[in-house]
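K.L.:
Spelled out from the first residue to the last, the chains are:
There are 2 protein chains.
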Amino acid sequence: MAEKSVYFFGDGRADGRADMKNLLGGKGANLAEMTNLGLPVPPGFTISTEVCAHYYREEEQYPAGLPDEVSKALHEMEELMEMRFGDAENPLLVSVRSGARASMPGMMDTVLNLGLNDSTVEGLALRTGNARFAWDSYRRFLQMYGSVVLGMKPTGKDEVDPFERMIEEKKETRGLVLDTEFTTMDLQDLVRLFKREIRRRTGVDFPVDPHEQLWGAIGAVFGSWMNPRAEEYRRLNDIPASWGTAVNVQAMVFGNMGSDSGSGVAFTRNAATGENVLYGEYLGNAQGEDVVSGARTPAAIAELARERPDLYGHLDRAREILEKHYRDMLDIEFTIQQGKFYLLQCRVGKRTAFAAIRIAVDMVDEGLITPDEALLRVEPDQLNQLLRPVFDLEEKAAAIEQGRLLAKGLNAGPGAAVGRVVFNAPDAEEWKSRGERVILTRIETSPEDIKGMNAAEGILTARGGTTSHAALVARQMGKVCVAGCSALAIDYSQRHMRVNGRVIREGDFLSLDGTTGEVIQGPIAARDSEVIQVLLHQLSDEKEAQVYRQYRKLMEWADRVRRLAIRANADQADQAAAAIAFGAEGIGLCRTEHMFFGEGEIGPMREMILASTPEMRERALSKLLPLQREDFEHIFEVMEGRPVTIRTLDPPLHEFLPHEASAQRELAAEMGVSFEAVKAKVDSFHEFNPMIGFRGCRLGVVYPEITRMQAQAIFEAAANVIGRGKKAVPEVMIPLVGNVKELDDQAKIVRQVARQVMDSRKLEIEYQVGTMIEVPRGALTADEIARSADFFSFGTNDLTQTTLALSRDDADRFLMPYLQRDIYPRDPFQSLDIAGVGELMKIAVVKGRATRPEIKIGICGEHGGDPSSIEFCHQLEQDYVSCSPYRVPIARLAAAQAAIKLSQPTPETSQKVRATARG
Amino acid sequence: MAEKSVYFFGDGRADGRADMKNLLGGKGANLAEMTNLGLPVPPGFTISTEVCAHYYREEEQYPAGLPDEVSKALHEMEELMEMRFGDAENPLLVSVRSGARASMPGMMDTVLNLGLNDSTVEGLALRTGNARFAWDSYRRFLQMYGSVVLGMKPTGKDEVDPFERMIEEKKETRGLVLDTEFTTMDLQDLVRLFKREIRRRTGVDFPVDPHEQLWGAIGAVFGSWMNPRAEEYRRLNDIPASWGTAVNVQAMVFGNMGSDSGSGVAFTRNAATGENVLYGEYLGNAQGEDVVSGARTPAAIAELARERPDLYGHLDRAREILEKHYRDMLDIEFTIQQGKFYLLQCRVGKRTAFAAIRIAVDMVDEGLITPDEALLRVEPDQLNQLLRPVFDLEEKAAAIEQGRLLAKGLNAGPGAAVGRVVFNAPDAEEWKSRGERVILTRIETSPEDIKGMNAAEGILTARGGTTSHAALVARQMGKVCVAGCSALAIDYSQRHMRVNGRVIREGDFLSLDGTTGEVIQGPIAARDSEVIQVLLHQLSDEKEAQVYRQYRKLMEWADRVRRLAIRANADQADQAAAAIAFGAEGIGLCRTEHMFFGEGEIGPMREMILASTPEMRERALSKLLPLQREDFEHIFEVMEGRPVTIRTLDPPLHEFLPHEASAQRELAAEMGVSFEAVKAKVDSFHEFNPMIGFRGCRLGVVYPEITRMQAQAIFEAAANVIGRGKKAVPEVMIPLVGNVKELDDQAKIVRQVARQVMDSRKLEIEYQVGTMIEVPRGALTADEIARSADFFSFGTNDLTQTTLALSRDDADRFLMPYLQRDIYPRDPFQSLDIAGVGELMKIAVVKGRATRPEIKIGICGEHGGDPSSIEFCHQLEQDYVSCSPYRVPIARLAAAQAAIKLSQPTPETSQKVRATARG
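Going line by line, the protein sequences match chains B and U. Take the first sequence: its position 703, counting from 1, is numbered 1271 in our numbering, and each next residue is one higher. Take the second sequence: its position 587, counting from 1, is numbered 1155 in our numbering, and each next residue is one higher.
Since the hints were derived computationally from the structure, they do not count as laboratory data. Hints are not guaranteed to be accurate.
Any copy will do: because identical chains look the same in the list, a pair fits if it lies in one copy or spans two.
What the hints assert, rightly or not - The list that follows gives simulated cross-link-like pairs (lysine to aspartate or glutamate, EDC-like), each with its CA atoms no further than 16 Å apart:
| # | residue 1 | residue 2 |
| --- | --- | --- |
| 1 | K1295 | D777 |
| 2 | K1000 | D757 |
| 3 | K1000 | D1076 |
| 4 | K640 | E1098 |
| 5 | K1309 | D806 |
| 6 | K892 | E1004 |
| 7 | K1019 | E1161 |
| 8 | K1309 | D1395 |
| 9 | K739 | E1273 |
| 10 | K1249 | E1223 |
| 11 | K1469 | E941 |
| 12 | K738 | E749 |
| 13 | K1309 | D1390 |
| 14 | K1424 | D1447 |
| 15 | K1249 | E1228 |
Construct the complete structure from the given sequences, taking the supplied hints into account.
P.N.:
Set out below in structure tokens:
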């Protein structure tokens, strides 16, 4: 235990420092730091967290020396403030607040205006010249003290707060509506009533002695460390109970002591745009709570500069000192008491993505921070805001005002989309071909809907989560998507849906905000974001594009420090082009099955599946070959020699088959067989658990002709491109491998075909054959598998399903209760389950490198675009991550952050000052 | 490389020994050992496996000294046999055979009668006094030599063996049917034709020089080591190519040289019953191949004893020497040439389960082997033969003769069953109640069929593998089951099925042989096995039950040495009683869901599932409580204080719901809601991948009232039993745990209920709460989970499904090709996948014991009854295995074998002699 328990701060001198957060809590350390900076902080002292630990260890006793230390510190406060605690004429009032090592907002108790009693209230009235304010403060203090210290909280049988009940009764008696209408006399009356109620309910009088008040409040704050809310919060945030809280006792200052007083809140830079100007609000002759209560309208900070340059000068100087010291944009609270400027609080300010990037880039230009620090200042997920189409905010607010908000679903694909409702994929295509913008609205989507989804501006589903088929495909396509909007009652046959009592018909306009999940009736103006306009549409006036220039600078820094390569998951040439615009260095996952849903392809694909002899199958495959080859050729062309990882056929075959009788009849007619035969065959493909059924490499092992055709398409496409003097680097990836013999079987076919193509074309193709690691057994036997694999790519979607025995399509029944009850800390399909799935990945990396040290290792599951998962991939020393094209910038930034964080031996140390400020 | 390449054996002196198998191959080492034992083995020599290695290393060259060594050994043979190689009057003939370290039956080449040519054939005719035999031997030699050494095998365009073609032509010309009808002249003619054909096709003459013949044959045998058949066999059996084969050259002896000659094969004890008497067949004046060819009827060995006691004496002495030396029952081949007795072969004899047990037990009594050795002599799976009902073998053979064999399916549940066909479970129950024996015949079974399965003698399904629902449940119930019999075309509506052109109607008799998978039309007499009669039906004349007494003795020895405890999977009191009779020490898995399909239970169960409020659910559960409690009470009573591991509700809820409209209508009426409401609710329970969906502990987490009811039923049942002065030890097992928080959530409920029951009954119940480890994440985080678990039980069925991403119900599409192509060495649902699933089990054991060293660990998947999996569990130092009741004896024996094998530092050493004999 430290020698002392009480740490004083005031008048430019503090016992504590910012790096003493563990001992003084975040708030205490921060107040000490500001004091040491010479900033005008009302004096006070912090009782350390060690006292809290002692308090609980020793049956709620304080260390022996504490009363003396508190007395001494209080005396120093009196000296500095030239006021006396309990003095009837010039009373020192104090606040008593908790302050733990980690921020626990609102979890513990606070008491303000402590020191008031029947005599000091008169002194306060005199000093402020405002008797009503003094009595209102007294009334509030009694209420707070009664509740926090004396435990007069609402009980089971008496569920209204007893003080609030008295206030309500008083208003009723007096025929008033608002608290602000109370007169001084009303407030004096309430003080009497409050004191009587306290005596009645607790059996003791309200303590008039300020010292007794102080010790009561200190005990209450320590006690609140163990209240159920705080315990729950600590449990959820992994904060050990042993940390304890500190107690901060600080002199109260008042901004309502005349025209040379006032209060305000400000950001040191514009929190919306990042512009380097003070940004905030000020209210003359008012307390801090008045600024935020809305009872009076505060003025913009800029007005203060014009009207009271002297007061503004204080603020501006504080801003300069703080930004220079904390090296970040700060959110500050200040009070001016009779011309004297006080800082009450400072913390790192929240900001939009636009502001985050501008501030980070500007601060590097200003020499405040390094590029590495700038990279750490932007949350990777925030970049989404820069890439998404945006609604005109005013127009959207107006629409909601008009009651046009229909429902809210899951914000599965961010951005803004406007279009007319259609209820099936073919309609979406047809309407689009007529020049209509459409919102494809489905109960849920399936692979058959791909083309319709591609044609739509946005996708809206009634079922499915943020990792449902709709959401996954939408994000990969960069489409706006609101999923799982359960308020929709869709009736396909009537071509309408009911939503909260309203009927939306086919052709009606909807606006989807995929960033918020809002579904709005009617159109709202939307446009591409500036960054997208530059990146994808080669906007001509690039010089005007300030946001883009900042984005580009940040990305350049990121690319310089990151160690992970970034690839994209792209199945088509247009997706590949977008991926490159976003900075992808290759394709990490090209799913060939999506190609089979194309116009000319689904027919032969179905013939192939329903073939009853190898010859029939070969015939169907020979129709697919040129189509696949053409697709691959386009992709290789676009990728200009960057590696393209192509996965052989993966999904269960029934996904390609028509399940409705009419479509089956059509297919039967095309194939020249009976409807019954087609139906029976389709039914025979039914599986109980298709996710772990006949799919992945199992298809290619049983039907080697499929793999042969795909390999032929790949290598012939590459040969065509190379024949034209360009480059093409295919990497063939075998899915669902759990046993090295599966890979051997498939790799042999691929290598044979590659050799044949290269020999017949008389050229060499640089290629690799590798495997997905997406089955636990694949990870567990990675040493064997690595002997036959040029690369591993973690398919963490399926690896999560199998490792957790968790069907993604069925998890909605229990995922929400699991998250709510903290059984899963996060949705494991969004953020990698490090302890389980991550453990298998670690095993796979270690075992794989043991037998093939040079093996290339990547990830191509959805987690490849999730920042915390990317950090884990970096720790595993993987070679690359692959994600949907629109997440490539996020992955670039996240990879850079991982590299920076992990190159710092203790990231806390260098980030110490800022971290404290955040607390 | 050893100094010498050639190892001589003959006249009681051999260069080799039984333990030189690696150098001499199994056959060579064995011939040497018999020679050293003083047994009369025709002399010969073995060219070592090192020569084979040299041959392949040095481009098919032999070591320099080899010809001299071979000459020397050949000379010794001539001396001993008093014959000369190539001598026209008294020619020595030899056999040339391969012989690798491991037995590779039929994979490599053999040449007999080597040394014959146009002059020596006359000497042989003279010596045997049988010109026809001499010329037939010559004809055979030419044929063998031409094929093996000169490569005259059938080719693609000429698919008949060239020699067989000439034989057929000859028969045609002569109007003969059988080879045996050829005269000496015919054979002489064939020899001429063969030699001409050899010249025509190979361009060289057949070599008349016996030394040239010998070197040709030696080269051919070495060459056959690398033939494709042998390579394939080695690949399948993990035999390295580097081992090589030895070549054995041995003097030919002839049993057809008059009335004092003969040949025979014999087992040293009765291979069917195990009785300690010579058992086999003898044919006077005949070669070995005549004994097995069936052209003449051999006499039983006993006749030889009567008729030729002098010859029998040779045999009996050999038997005594060999059994004493090899300490096992042996299978021997012998030839008597003109009164001289020769042993040509000895190896450990194959035997029935009955014989295996009797021989093992008798040999302990005779002081030949120890009880530990006896335990190793019985294959655990053989015990099945002792427990299964059996068909009268003659009656079955007659039925097949009559063409009554309908089809063959998978032998999923061994034994014999006879009954009348019914096509659904309710009919099975109803017919059974009328006293009929029935065979329940279904396309596939589901949990709804449980009661019908219980009522049936046997279960026959058209779909599903040996681990399908039907097979699993049948084995647990001890029912006969033939599964996946794809020849059945069942028509439920017509109540008949078509099988290979025949129609079988409801009520027709079928006989199922679950041991072979045969489905036979009409009844065949079947009866309980003797062991079952004693164990389950307390057969009164136990003294007469010899087989049972031997079984009991073996089991007593097994129980003494095994370290693993053996439990049974049993859901009902009758199964529990059977389990105890078979020696189970507790229940390792009591599945509560099977109870819910009971008469009074399925209704409330469905109400519970379809409840729309917690209150409705509680009401339904309160109806289930007394029924469950009663079930548990019966089980505790039967188990008499042995531990009973009860798993809380596990399967997806839709398994309990009716899926047919009529049943849904009925349920709607019962529940007083609309049909549409029931249908919609049932549909809403549909899952895409139910195996990894809403099941296991997820049910109890979302509906804690279910767990609460089950815990209450368990502890009240235990309290009732304890209240009657007996013991009850429940172990509550939470399924599908992947995260310790799931277990914590459920264990808390169980412990609370236990406390409440114990307090209100004023008694203490000894109980545990543990978990299944059946999800990879459960194994990977076993350290965390062990903190909250009193025990782990590996659910290897589901752990296999998830670790391999392999749906048991869907695997039939590719499991067969996978097994055929050796991608999976064995069906992973039958024999534990050690490299994958076993690796996770190892991780779980190590991590679990790290945080809770005393944790009890068992297995309750199907693998708990598989001997090789049990050995692995023993290696992991698990505490127990649990399997279906009828496999308990198998598990006891397998556990004993594991303990014995693993207590021997090198099991090979002490088993050396026998192992060699087996080769």
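K.L.:
With reference to the structure, classify each hint as holding or not holding.
P.N.:
The hints, checked one at a time:
Proximity of K1295 and D777 under a CA criterion of 16 Å is satisfied in neither setting, with 86 Å inside one chain copy and 67 Å between copies. Taking identical chains as interchangeable, the C-alpha atoms of K1000 and D757 are never at most 16 Å apart, the minima being 70 Å within one chain and 88 Å between chains. When the C-alpha separation of K1000 and D1076 is checked against a cutoff of 16 Å, the pair qualifies only within one copy, where the shortest distance is 15 Å, while the shortest distance between copies is 63 Å. Neither within a single protomer nor between protomers do K640 and E1098 lie at most 16 Å apart by alpha-carbon distance, with minima of 59 Å and 96 Å respectively.
In this assembly of identical chains, the alpha carbons of K1309 and D806 lie at most 16 Å apart only when taken from different copies (14 Å versus 44 Å within one copy). Proximity of K892 and E1004 under a CA criterion of 16 Å is satisfied in neither setting, with 54 Å inside one chain copy and 95 Å between copies. Proximity of K1019 to E1161 under the C-alpha cut-off of 16 Å is restricted to the intra-copy arrangement: shortest distance 13 Å within a copy versus 44 Å between copies. Only between protomers do K1309 and D1395 lie at most 16 Å apart by alpha-carbon distance; the minimum there is 15 Å, versus 34 Å within a single protomer.
Taking identical chains as interchangeable, the C-alpha atoms of K739 and E1273 are never at most 16 Å apart, the minima being 84 Å within one chain and 47 Å between chains. Taking the closest pair of Cα atoms, K1249 and E1223 come within 16 Å of each other only inside a single copy of the chain (13 Å); across copies the shortest separation is 25 Å, beyond that limit. In this assembly of identical chains, K1469 and E941 lie within 16 Å of each other by CA distance solely inside one copy; the values are 10 Å within and 63 Å between copies. Taking the shortest Cα distances, K738 and E749 sit within 16 Å of each other inside one copy (11 Å), while across copies they are farther apart (129 Å).
Within a single copy, K1309 and D1390 get their C-alpha atoms only as close as 40 Å, which misses the 16 Å cut-off; across copies the closest is 8 Å, which meets it. In this assembly of identical chains, the alpha carbons of K1424 and D1447 lie at most 16 Å apart only when taken from the same copy (6 Å versus 42 Å across copies). For a Cα distance limit of 16 Å, the shortest separation of K1249 from E1228 inside one copy, 13 Å, qualifies, whereas the shortest one across copies, 22 Å, does not.
Going down the numbered hints, you'll see the structure goes against 1, 2, 4, 6 and 9, while the others check out.
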